[in-house]
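Student: Sequence:
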Amino acid sequence: MNKKSISVKTEERKLLAGEQVKTSAEEQEQKPGNIKVYGSAVLFSFIVGFSFIGVKTCVSVATPLETLTYRFNFAFLAALAAVLFGLFKINLKEKPRTKLALTAGFYVGFMILQTIGLLFATSIESGILFAIIPILAKIIAGFFLKESTSWKQNIFVCLSVAAVILMFVLGSTDLTVNLIGLTILFLASLFMAISNVMMRYVRKIYQPFEITFFITGGGCILFNLAMVIFGIKNGTLGAYFEPLTHLEFILATLYLGIPSTLISAMLMAYMLAHMEAVKATIFGNLSTAISIVAGVIVLGEPLEFYHILCTVLIIIGVVGLSMPSMAKKEGAL
Numbered sequence: 000m001n002k003k004s005i006s007v008k009t010e011e012r013k014l015l016a017g018e019q020v021k022t023s024a025e026e027q028e029q030k031p032g033n034i035k036v037y038g039s040a041v042l043f044s045f046i047v048g049f050s051f052i053g054v055k056t057c058v059s060v061a062t063p064l065e066t067l068t069y070r071f072n073f074a075f076l077a078a079l080a081a082v083l084f085g086l087f088k089i090n091l092k093e094k095p096r097t098k099l100a101l102t103a104g105f106y107v108g109f110m111i112l113q114t115i116g117l118l119f120a121t122s123i124e125s126g127i128l129f130a131i132i133p134i135l136a137k138i139i140a141g142f143f144l145k146e147s148t149s150w151k152q153n154i155f156v157c158l159s160v161a162a163v164i165l166m167f168v169l170g171s172t173d174l175t176v177n178l179i180g181l182t183i184l185f186l187a188s189l190f191m192a193i194s195n196v197m198m199r200y201v202r203k204i205y206q207p208f209e210i211t212f213f214i215t216g217g218g219c220i221l222f223n224l225a226m227v228i229f230g231i232k233n234g235t236l237g238a239y240f241e242p243l244t245h246l247e248f249i250l251a252t253l254y255l256g257i258p259s260t261l262i263s264a265m266l267m268a269y270m271l272a273h274m275e276a277v278k279a280t281i282f283g284n285l286s287t288a289i290s291i292v293a294g295v296i297v298l299g300e301p302l303e304f305y306h307i308l309c310t311v312l313i314i315i316g317v318v319g320l321s322m323p324s325m326a327k328k329e330g331a332l
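Under numbering that gives the first Met the number 0, the first residue of the sequence shown is numbered 0, with each subsequent residue one higher.
Worth flagging that the hints you see were computed from the coordinates, not collected in a lab. Check the hints yourself; a few may be wrong.
[Unchecked claim] Derived BS3-like pairs: lysine-lysine, alpha-carbon spacing no greater than 30 Å straight-line:
(1) K203 <-> K145
(2) K35 <-> K145
(3) K151 <-> K35
(4) K35 <-> K203
(5) K92 <-> K145
(6) K98 <-> K88
(7) K92 <-> K232
(8) K203 <-> K94
(9) K35 <-> K98
(10) K232 <-> K98
(11) K94 <-> K35
(12) K98 <-> K145
(13) K232 <-> K55
(14) K88 <-> K203
(15) K35 <-> K88
(16) K94 <-> K145
[To be verified] Pair by pair, the computed Cβ-Cβ distance ranges are:
(17) I249 <-> A225: 17 to 23 Å
(18) F229 <-> K151: 19 to 25 Å
(19) E241 <-> E93: 43 to 49 Å
(20) F304 <-> K145: 39 to 45 Å
Small disclaimer: the values here were computed from a predicted structure and weren't measured. Backbone N, C-alpha and C define an ideal beta-carbon position, used for all residues, glycine too.
Model the full assembly from the supplied sequences, consistent with the hints where possible.
Tutor: Printed below as a string of structure tokens:
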């Protein structure tokens, strides 16, 4: 048997064993030093970073449930329009539906738990717990996907997480602890970390838009169902469309729905198809730094020295985590 035959047999055995066999083109595509991938990551951070302005606008007009409902309504309508106009296609033929349902379910579960948790906890507690999502993603991805990082990269991850936590602690005037809220928010962070790992796990099966379509569709169904149930229970079902009488609410939820939910989820799925879970997830911390800058520029909020310091540390953490892979890619060229 010649060497070529042995190589073919080896590849067949790998496929039968469920291992991923990458071509040189696929390996090149997977390398995270790609400008397109990192450009998507930065765009994701900016979109999410500015989303807090939309949230602040909505909470002055509507309840959190109403905000979430219309946020996912607009997101799913936009996703549906993209399919109907032929911009994207959904192909689930001979694909495992359970994995897709779990990926979308954990993402929507994060949104639900986040909303409930914020009813019990403060923004400082939520900020701290959401900052640890990259660490949770790293642990889960290491266990299920066998992804690993060097000790230097681990330092940069911890630096970024610590900077976010420090920013929230220094900006707080009232540090309180609510165990119920902390527990729910921790579960929310865990759900988001699992969702991100699942997005990476199914990257060879589903396109980013397919994942996003079911995230928006699932959220739309669940939150509308919750609105109907609460409306019947409280006798407020007739006020379902009342928030739409406020132009600022419509504009804010359009932003929260289309860029901040539909596009950001698609960008995250795309990022996770091309870089390790912890590297993609860490850009969520960068969005926190961007939100501070956005608050200063758009809302005229005060800029403190610790804002600048923590923002620099977050950026160093994100760049430092990415640099080893980028250097490796340059060396390969």
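Student: Now tell me, hint by hint, if it's right for this structure.
Tutor: Cross-check of the supplied hints:
Restraint check: the Cα-Cα separation between K203 and K145 comes to about 16 Å, which is no more than 30 Å; the hinted pair holds. Restraint check: the Cα-Cα separation between K35 and K145 comes to about 25 Å, which is no more than 30 Å; the hinted pair holds. Only pairs whose Cα atoms come within 30 Å are accepted, and K151 paired with K35 is accepted, the gap being roughly 25 Å. Annotation: proposed proximity of K35 to K203 holds, straight-line Cα distance about 19 Å (limit 30 Å).
Simply put, K92 and K145 have alpha-carbon atoms about 29 Å apart, close enough for the 30 Å limit, and the pair holds. Annotation: proposed proximity of K98 to K88 holds, straight-line Cα distance about 19 Å (limit 30 Å). About 40 Å separates the Cα atoms of K92 and K232, which puts this hinted pair outside 30 Å; it is violated. Using a Cα cut-off of 30 Å, the hinted pair K203 and K94 holds, with the two alpha carbons roughly 11 Å apart.
At roughly 27 Å between alpha-carbon atoms, K35 and K98 fall within 30 Å of each other, so this suggested pair holds. About 34 Å separates the Cα atoms of K232 and K98, which puts this hinted pair outside 30 Å; it is violated. Among the hinted pairs, K94 with K35 is consistent with the structure: their alpha-carbon atoms are about 28 Å apart, no more than 30 Å. Using a Cα cut-off of 30 Å, the hinted pair K98 and K145 holds, with the two alpha carbons roughly 18 Å apart.
The straight-line distance between the Cα atoms of K232 and K55 is roughly 27 Å, inside the 30 Å bound, and the hint therefore holds. The suggested pairing of K88 with K203 holds, with an alpha-carbon distance near 16 Å, which does not exceed 30 Å. Distance check on the hinted pair: K35 and K88 sit about 22 Å apart at the alpha-carbon level, within 30 Å; holds. Note on K94 and K145: the hinted pairing holds, with a Cα-Cα distance of about 23 Å set against a maximum of 30 Å.
Between I249 and A225 the Cβ separation comes to about 21 Å, which falls inside the hinted range of 17 to 23 Å. F229 and K151 have their C-beta atoms about 49 Å apart, which leaves the hinted 19 to 25 Å range violated. Taking 43 to 49 Å as the suggested C-beta distance range, the pair E241 and E93 conforms, at roughly 45 Å. Checking the proposed 39 to 45 Å range against F304 and K145 shows it holds: the Cβ atoms sit about 42 Å from each other.
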